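*Asks:* The primary structure of each chain is shown beneath.
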Amino acid sequence: AQSVTQLDSQVPVFEEAPVELRCNYSSSVSVYLFWYVQYPNQGLQLLLKYLSGSTLVKGINGFEAEFNKSQTSFHLRKPSVHISDTAEYFCAVSANTDKLIFGTGTRLQVFP
Amino acid sequence: ETGVTQTPRHLVMGMTNKKSLKCEQHLGHNAMYWYKQSAKKPLELMFVYNFKEQTENNSVPSRFSPECPNSSHLFLHLHTLQPEDSALYLCASSHAAGRDEQYFGPGTRLTVT
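Order-wise, the sequence lines are chains B and G.
Taking the working numbering, the leading residue of the first sequence gets 783, the next gets one more, and so forth.
Taking the working numbering, the leading residue of the second sequence gets 97, the next gets one more, and so forth.
Keep in mind the hints are simulated off the structure, nothing from the lab.
Treat each hint with caution, since some may be false.
Straight-line Cα separation of at most 25 Å, DMTMM-like style, residue types lysine to aspartate or glutamate; simulated pairs [claimed, not checked]: (1) Lys118(G) x Glu180(G); (2) Lys851(B) x Asp196(G); (3) Lys840(B) x Glu197(G); (4) Lys137(G) x Glu870(B); (5) Lys831(B) x Glu140(G); (6) Lys114(G) x Asp181(G); (7) Lys136(G) x Asp790(B); (8) Lys851(B) x Glu197(G); (9) Lys831(B) x Glu870(B); (10) Lys132(G) x Glu152(G); (11) Lys132(G) x Glu870(B); (12) Lys118(G) x Asp196(G); (13) Lys137(G) x Asp867(B); (14) Lys831(B) x Glu846(B); (15) Lys137(G) x Asp790(B).
Which bits of chain B does chain G cover? Going by a derived footprint, with three or more residues having C-beta under 8 Å, they are [said to hold, decoys possible]: (16) 811–824; (17) 827–835; (18) 881–887.
Derived DEER-like restraints, expressed as beta-carbon distance ranges [what the hints assert, rightly or not]: (19) Ile842(B) x Lys137(G): 24 to 30 Å; (20) Thr101(G) x Ile842(B): 20 to 26 Å; (21) Ser808(B) x Arg105(G): 31 to 37 Å; (22) Arg105(G) x Thr787(B): 29 to 35 Å; (23) Thr207(G) x Gln853(B): 38 to 44 Å; (24) Leu123(G) x His864(B): 27 to 33 Å; (25) Ser808(B) x Leu123(G): 29 to 35 Å; (26) Glu802(B) x Gly110(G): 41 to 47 Å.
From a predicted model like this one, the values you see are computed outputs, not experimental measurements.
Each residue gets a CB set at the ideal place from its N, CA and C atoms; glycine is no exception.
Just chain B, with the same shape it has in the complex:
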């Protein structure tokens, strides 16, 4: 069975500072990995995904993530955050099933 762990429930950061949101997964088979963002009163929106190939994945809004197979991690990074990045971020994994397994989410709060 697959599982996803998001180690930080909340991450406060000042505007223009870099940020890393951590995600670790467990799976006995190869996986696809995703990061989604949820703004207040909205559904989830795909930020980026890793399917295969290059381990560094670039997404929308200046975010990127790196797949590390040996550490079973898929951390999300942005070099300089903006107030508008304040949202809930979800890591998700998909293996040989017809469903995504989501983490519990990380609340990113950007302060001016």
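Assemble chain G onto chain B, guided by the hints.
*Replies:* What follows is chain G alone, placed relative to chain B:
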């Protein structure tokens, strides 16, 4: 209209009421999903439909009844709900069930009184 739409956006219902949530996708996808999102809990997958066939029922109580008349529409029929069923119900779709990325609707905020 594009993407995944959900109606109503907000719903308040009593425990004896019957109501339905509607989801429609305009993306030409073949798989549709219902999720429940409660505060402080992980996103819970409820049902999966692939090519109109239900392929997943994640131990959901029978007071929730899904219906998928075609690949573009998905309903969630609700009856005799409990206060703990209050949550945000999200619909999603993907090209096919499996590893494809999912596109989410804005959700229906349900309050059971």
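*Asks:* Against each hint, give a clear statement of whether it holds in the structure.
*Replies:* Consistency of the hints with the structure:
Our distance criterion of 25 Å between C-alpha atoms is met by Lys118(G) and Glu180(G), whose separation comes to about 21 Å. Taking the CA atoms of Lys851(B) and Asp196(G), the gap is near 20 Å; set against the 25 Å cutoff, the hint holds. Annotation: proposed proximity of Lys840(B) to Glu197(G) holds, straight-line Cα distance about 15 Å (limit 25 Å). Among the hinted pairs, Lys137(G) with Glu870(B) is consistent with the structure: their alpha-carbon atoms are about 13 Å apart, no more than 25 Å.
For the given pair, Lys831(B) sits about 20 Å from Glu140(G) by alpha-carbon distance, which is consistent with the 25 Å threshold. Among the hinted pairs, Lys114(G) with Asp181(G) is consistent with the structure: their alpha-carbon atoms are about 14 Å apart, no more than 25 Å. For the hint linking Lys136(G) to Asp790(B), the alpha-carbon distance of about 13 Å falls within 25 Å, and the restraint holds. Of the pairs offered as hints, the one joining Lys851(B) and Glu197(G) holds, with about 20 Å between alpha carbons and a cut-off of 25 Å not exceeded.
A C-alpha spacing of about 17 Å is found between Lys831(B) and Glu870(B), which places the hinted pair at or below 25 Å, so the restraint holds. Distance hint between Lys132(G) and Glu152(G) is fulfilled; the C-alpha atoms sit about 14 Å from each other, no more than 25 Å. Proximity of Lys132(G) to Glu870(B) is assessed by CA-CA distance (about 16 Å); at most 25 Å being required, the pair is judged to hold. Simply put, Lys118(G) and Asp196(G) have alpha-carbon atoms about 22 Å apart, close enough for the 25 Å limit, and the pair holds.
Taking the CA atoms of Lys137(G) and Asp867(B), the gap is about 22 Å. The hint holds against a cut of 25 Å. The suggested pairing of Lys831(B) with Glu846(B) holds, with an alpha-carbon distance near 9 Å, which does not exceed 25 Å. This hinted pair checks out: Lys137(G) and Asp790(B) have alpha carbons roughly 14 Å apart, not beyond 25 Å. For the region 811–824 of chain B, the stated coverage by chain G holds: 5 residues have a C-beta nearer than 8 Å to a C-beta of that chain, and at least 3 were required.
Residues of the region 827–835 of chain B lying with their CB closer than 8 Å to a CB of chain G number 4, which satisfies the three-residue condition for coverage. Beta-carbon proximity to chain G at under 8 Å applies to 6 residues in the region 881–887 of chain B; the threshold of 3 is reached and the given coverage holds. For Ile842(B) and Lys137(G), the Cβ-Cβ distance of about 27 Å falls inside the hinted range of 24 to 30 Å, so the restraint holds. The beta-carbon spacing between Thr101(G) and Ile842(B), approximately 21 Å, falls within the hinted interval of 20 to 26 Å.
Under the hint 31 to 37 Å, the C-beta atoms of Ser808(B) and Arg105(G), about 36 Å apart, fit the expected range. Distance hint for Arg105(G) and Thr787(B): a CB-CB separation of about 32 Å, consistent with the stated range 29 to 35 Å. Taken as a hint, the range 38 to 44 Å holds for the pair Thr207(G) and Gln853(B), whose Cβ atoms sit roughly 42 Å apart. As the Cβ distance of Leu123(G) to His864(B) is approximately 29 Å, the hint placing it in 27 to 33 Å holds.
The hinted range of 29 to 35 Å is satisfied by Ser808(B) and Leu123(G), whose Cβ atoms lie roughly 31 Å apart. About 46 Å separates the C-beta atoms of Glu802(B) and Gly110(G), a value consistent with the hinted range of 41 to 47 Å.
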